[in-house]
Amino acid sequence: MRLPSWLAQHLAALRALLVFTVLLGLLYPLALVAVGRLPGLDGRAAGSLVSADGRTVGSRLIGQSFTDADGNPVPRYFQSRPSAAGDGYDPTATAASNLGPESVVDTIATDPEESTPSLLTQVCARSKAVGALDGVDGGRPFCTPDGVGAVLAVFRADGLTGPVTRAVSVNQTAPATPFLASYQGVPVELAEPGRDYVAEGGIVTPIRGDAPAEPAVPADAVTASGSGLDPHISPAYAELQVDRVARERGADPDAVRRLVAAHTTGRALGFMGEPGVNVLELNLALDREFPAR
Amino acid sequence: MTMTTAGAAFVLSLVAALVAVYRPFGDHIYRVVAGTRQSRVERGIYRLVGVNPAAEQTWGVYARSVLAFSAVSLLFLYLFQRVQDRLWLSLGFDPVVPHGAWNTAVSFVTNTNWQSYSGESTMGHLVQMAGLAVQNFVSAAVGIAVAVALLRGFARHRTEQLGNFWVDLTRITVRILLPVAVLGALALMIGGVVQNLSAGTDVSTLTGGSQTITGGPVASQEVIKELGTNGGGFYNVNSAHPFENPTAWTNWIEIFLILLIPFSLPRVFGRMVGQNRQGYAIAAVMAILALTSVTLTNVFESTGHGTVPQAVGAALEGKEVRFDVSNSATFAAATTLTSTGAVNSFHDSYTALGGMMPLVNMMLGEVAPGGVGAGLYGLLVLAVVTVFVAGLMVGRTPEYLGKKIGAREIKFAAIYFLITPTLVLIGTAAAFATGNNATALNVGPHGLSEVLYAFTSASNNNGSAFGGITVNTTWWDTALGLCMLLGRFLPIIFVLALAGSLARQQPTPASEGTLPTHRPLFVGMVVGVTVILVALTFLPALALGPLAEGL
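If you're matching them up, the sequences are chains A and B in order. Residue numbering for the first sequence is 29 to 321, as defined by the numbering used here. Residue numbering for the second sequence is 12 to 562, as defined by the numbering used here.
Since the hints were made in silico from the structure, they are not lab data. Where hints are given, some of them may not hold.
[Said to hold, decoys possible] Which residues of chain A face chain B? A partial, calculated answer using Cβ under 8 Å: (1) T49; (2) V132; (3) V151.
[Unchecked claim] Stretch-level coverage of chain B by chain A, calculated; a stretch enters the list once three of its residues show a Cβ under 8 Å from a Cβ in chain A: (4) 54-63; (5) 199-210.
Every residue, glycine too, gets a C-beta built ideally from N, C-alpha and C.
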């Protein structure tokens with residue numbers, strides 16, 4: 029019996045799919061798994077795990093948080109970048125923040141649990157915290173001294189034009205002090221929780237302020253990475269942390285600096301990527317060479 | 012070396028590598044698709060599938076074979092995900108919910124690899140390697156096969172025969188994709204990409220916290236994800252994940268793999284029509300558009316306009332230290348210029364104009380150089396439109412490579428071009444009309460960009476995400492699934508119809524009035540037609556989204 033051609037075609041399709049599933053879906057990946065067991069490749073194929081004192085403490089490719097149970101930085105360790113993966117550096121929930129370049133207005137609800145900070149406020153808060161931890165000025169452009177985004181909702185007499193009638197610092201609530209006393213002659217108010225000043229007609233106006241364009245706290249220290257698992261920090265951020273880590277461990281800062289250099293990867297072939305310091309490997313080396321007192 | 016020079020050297024080294032492989036690799040693909048000697052493995056596959064490798068197909072049969080194979084794949088992948096909890100290596104995950112399974116099945120079968128799920132918390136290893144990764148191979152092979160059928164339409168005369176889909180599928184998979192994938196996977200494994208079947212290793216971190224180091228057959232899937240311009244990551248964060256893309260040089264390799272086949276296919280075109288210079292002209296069009304886009308993306312991102320990038324001092328949110336701004340921008344351009352959609356950084360956090368470039372790249376219709384196969388047939392359709400426009404200007408019957416572009420051919424080309432813009436704009440409008448744009452993280456112009464990006468990505472079979480929008484709802488999964496399906500197979504049907512119509516023709520000898528299609532003039536015209544068609548179609552939407560935000 030001859031099958032109708034449409035049926036014959038779908039049967040051929042099904043057989044083809046099964047053949048390719050066996051070849052490409054089983055033989056090919058499993059052969060590579062087997063190759064990954066060969067000496068020399070096995071460590072890498074298994075996830076580049078590293079251990080200290082005989083116990084596995086992580087992977088040299090996956091960043092981790094060096095914080096205590098309450099989430100505060102442990103000062104004797106170099107700190108990683110901020111992370112948007114789960115509660116931070118969670119490989120089972122990798123993520124980026126996905127917040128845009130103009131995410132500058134916080135949602136301040138009456139219930140603090142439901143408030144969400146804008147990306148700008150996150151950046152400002154991180155900068156302030158890193159500045160405090162490492163003893164430098166945490167100020168940045170578009171940030172208030174109390175570490176939120178310096179953004180006004182400006183109300184004008186005729187909507188988009190006309191004299192300013194009202195100015196609200198949208199990311200600051202009582203008991204803060206407005207980062208500007210007045211804007212174009214109008215006193216700046218604090219925001220009230222639960223209000224949406226943009227919906228009320230305020231024009232979002234970020235205020236740059238007079239912070240230097242290149243702040244003391246480096247860019248990677250205040251931004252979350254794409255993966256949320258970035259194992260590296262920039263050499264600049266490592267340098268910023270050297271004095272604190274050396275002090276905590278009673279070590280010579282220059283000796284710590286040498287360790288940082290030893291764990292800095294330069295550009296591949298001189299032109300690919302940017303230099304980075306592997307934080308986990310650096311901290312492991314510190315624990316070996318300068319055990320905490 | 013400054014960051015700018017290093018970034019430029021990175022781009023130039025990729026260009027040099029692609030130029031170096033253009034002839035040898037293009038010639039290899041040509042021999043694979045033009046050859047008639049079958050290896051033992053191939054003969055075995057034909058016997059198992061039950062096809063006669065010597066029997067050729069008309070365009071209609073070829074198209075029905077493509078559709079039958081894709082339909083069976085879709086159903087298989089859907090069921091696979093629905094029963095994954097009962098299979099080996101499921102890691103204890105539940106079956107994928109129906110709308111998610113539909114969306115993912117469509118996504119991988121159409122070479123889109125849009126992901127509405129998070130890999131590490133949804134898919135077991137078996138579904139990843141025997142379901143998703145298999146489609147990474149064969150959906151890429153389908154794209155190349157359709158392009159080759161179109162080339163046969165140009166090269167052949169007075170015939171109904173366009174080749175045999177099953178033979179093309181098999182030979183492209185076995186002789187091109189698989190060998191390069193094996194080599195590429197080994198390189199990535201040396202770089203640190205994992206390849207194991209581990210369900211994860213629980214560790215206690217230095218400060219006493221806990222962390223699960225995930226495992227999986229990642230290298231084998233990562234390599235074909237790039238080579239086949241698929242883009243579906245093993246993990247949620249795709250090629251930003253250190254286990255998918257651990258170093259700056261694996262990043263280079265991944266971008267190279269993304270561009271390898273799309274930029275080599277014009278060589279196959281030149282060889283098939285017997286004039287290598289025709290291939291150079293098409294490659295030149297692709298290169299001009301691609302280099303412009305890569306440069307602009309780099310400039311916009313490193314300039315770092317916008318409030319948050321200014322506050323930070325660099326557009327570093329959503330980017331990895333090892334890639335930094337420039338290599339991230341180059342990856343973003345490469346992945347959206349081809350229909351890959353893998354990401355090594357998150358486009359939603361790009362500067363407004365830098366984030367617009369991936370969108371514009373996709374709106375170009377994925378032709379510079381486009382996805383494997385799909386880019387070449389897309390660009391050849393634009394070349395047909397260009398020949399037609401030029402013919403109208405001088406009042407002659409347009410012809411391309413000795414084939415008359417008559418009413419029938421130009422109708423196919425015009426319909427082909429209109430499909431994706433229609434899907435993108437209707438889809439975006441539908442999202443706002445039904446209130447489903449509310450799942451976007453941002454409001455205002457950025458919110459529009461997020462919705463527009465999602466539909467552009469799905470309809471063009473790119474699959475990259477702007478992120479910042481929740482798409483695992485029934486409405487989004489269904490709507491984007493339909494866009495991916497129609498955006499893939501309607502164009503394929505019209506391309507094959509065009510191929511059939513061209514193959515039937517008798518060649519017209521070139522005369523004084525024939526427009527030479529290998530000269531810079533023609534290259535410039537194709538670039539112009541491409542850009543103008545895109546600008547006319549999408550400028551209003553762009554003006555309301557990224558342009559409103561960035562200016």
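A quick look at each hint next to the structure:
The restraint placing A:T49 at the interface with chain B holds, with a minimum CB-CB distance near 5 Å, inside the 8 Å limit. At its closest, the beta carbon of A:V132 sits 5 Å from a beta carbon of chain B; the interface hint therefore holds under the 8 Å criterion. Hint status for A:V151 relative to chain B: holds, with the closest Cβ pair at about 5 Å, below 8 Å. With a threshold of 8 Å between beta carbons, the proposed coverage of the segment 54-63 of chain B by chain A holds, since 5 of its residues qualify and at least three are required.
Restraint check on the segment 199-210 of chain B versus chain A: 10 residues with Cβ-Cβ distances below 8 Å, three needed, restraint holds.
Violation of the numbered hints given earlier is absent; every hint is satisfied by the structure.
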